[in-house]
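Protein chains in written order, with this note's numbering: chain X, 4 to 96; chain G, 4 to 96.
Derived from the structure by calculation, the hints contain no laboratory data. Keep in mind it's a predicted model, so treat the numbers as computed, not measured. Misleading hints may appear alongside valid ones.
If several chains are the same, the list does not tell them apart, and a pair holds so long as it fits within one copy or across any two.
As the list claims (entries may be wrong) - Using 25 Å as the maximum straight-line C-alpha spacing, the simulated DSS-like pairs for lysine-lysine come out as follows:
| hint | residue 1 | residue 2 |
| --- | --- | --- |
| 1 | LYS94 | LYS56 |
| 2 | LYS76 | LYS56 |
| 3 | LYS30 | LYS56 |
| 4 | LYS42 | LYS64 |
| 5 | LYS14 | LYS42 |
| 6 | LYS56 | LYS42 |
| 7 | LYS76 | LYS94 |
| 8 | LYS30 | LYS64 |
Number of protein chains: 2
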Amino acid sequence: MSEGLLFIGAKPFMNYVTGAVLQFTTKGASAVHIRARGKFIAKAVDVAEIATKRFLSTQAKVQSVMINSEQFKNEEGRDVRVSTIDIVLVKST
Amino acid sequence: MSEGLLFIGAKPFMNYVTGAVLQFTTKGASAVHIRARGKFIAKAVDVAEIATKRFLSTQAKVQSVMINSEQFKNEEGRDVRVSTIDIVLVKST
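Next up, chain X with everything else stripped away, as it sits in the complex:
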């Protein structure tokens, strides 16, 4: 009953979909977290939807979606806020 983590960035879209699918089909994960920040949030939602609906329709589903914000200082020392998303996929029972 392991949990996988996939952080969405600039790599090709299907890399992430494949990564999510393999977590369930060959690595025996019971849950996979798909996380992203800022402009990659829409890509994370696409990855979760394609992985669960096209590739894992009988094997996994979206369990929960959470959004949040992270604060940090940029190179000029100014406070910057960025939105985050955490989508949890779980094995269908």
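Since the structure of chain X is already known, use the hints to place chain G on it.
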């Protein structure tokens, strides 16, 4: 106990933040749905985060986030899939 709906598109970011805030502060909404499709999903998350954390920190919070897909045919008659998000803000109790 009315519910507001805000569909996120190409208008300036702060238009949507103001729209969400006014639903609670002057229109007496008990809940506001923030919805978006495709590339506007990240903007919808930003609107929800800024509205609740900067402007409504004591008055409203994110209650739930749901993602889904819509299928439709494009101009050439091909099936197209687009991801959607529905973020529900509710009055803090």
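Hint-by-hint comparison with the structure:
no. : hint             : in the structure
1   : LYS94 with LYS56 : within (13 Å within a copy, 33 Å between copies)
2   : LYS76 with LYS56 : between (38 Å within a copy, 18 Å between copies)
3   : LYS30 with LYS56 : within (19 Å within a copy, 38 Å between copies)
4   : LYS42 with LYS64 : both (24 Å within a copy, 22 Å between copies)
5   : LYS14 with LYS42 : both (13 Å within a copy, 17 Å between copies)
6   : LYS56 with LYS42 : both (23 Å within a copy, 19 Å between copies)
7   : LYS76 with LYS94 : neither (38 Å within a copy, 31 Å between copies)
8   : LYS30 with LYS64 : within (17 Å within a copy, 37 Å between copies)
The earlier numbered hint that this structure contradicts is number 7, and it is the only one.
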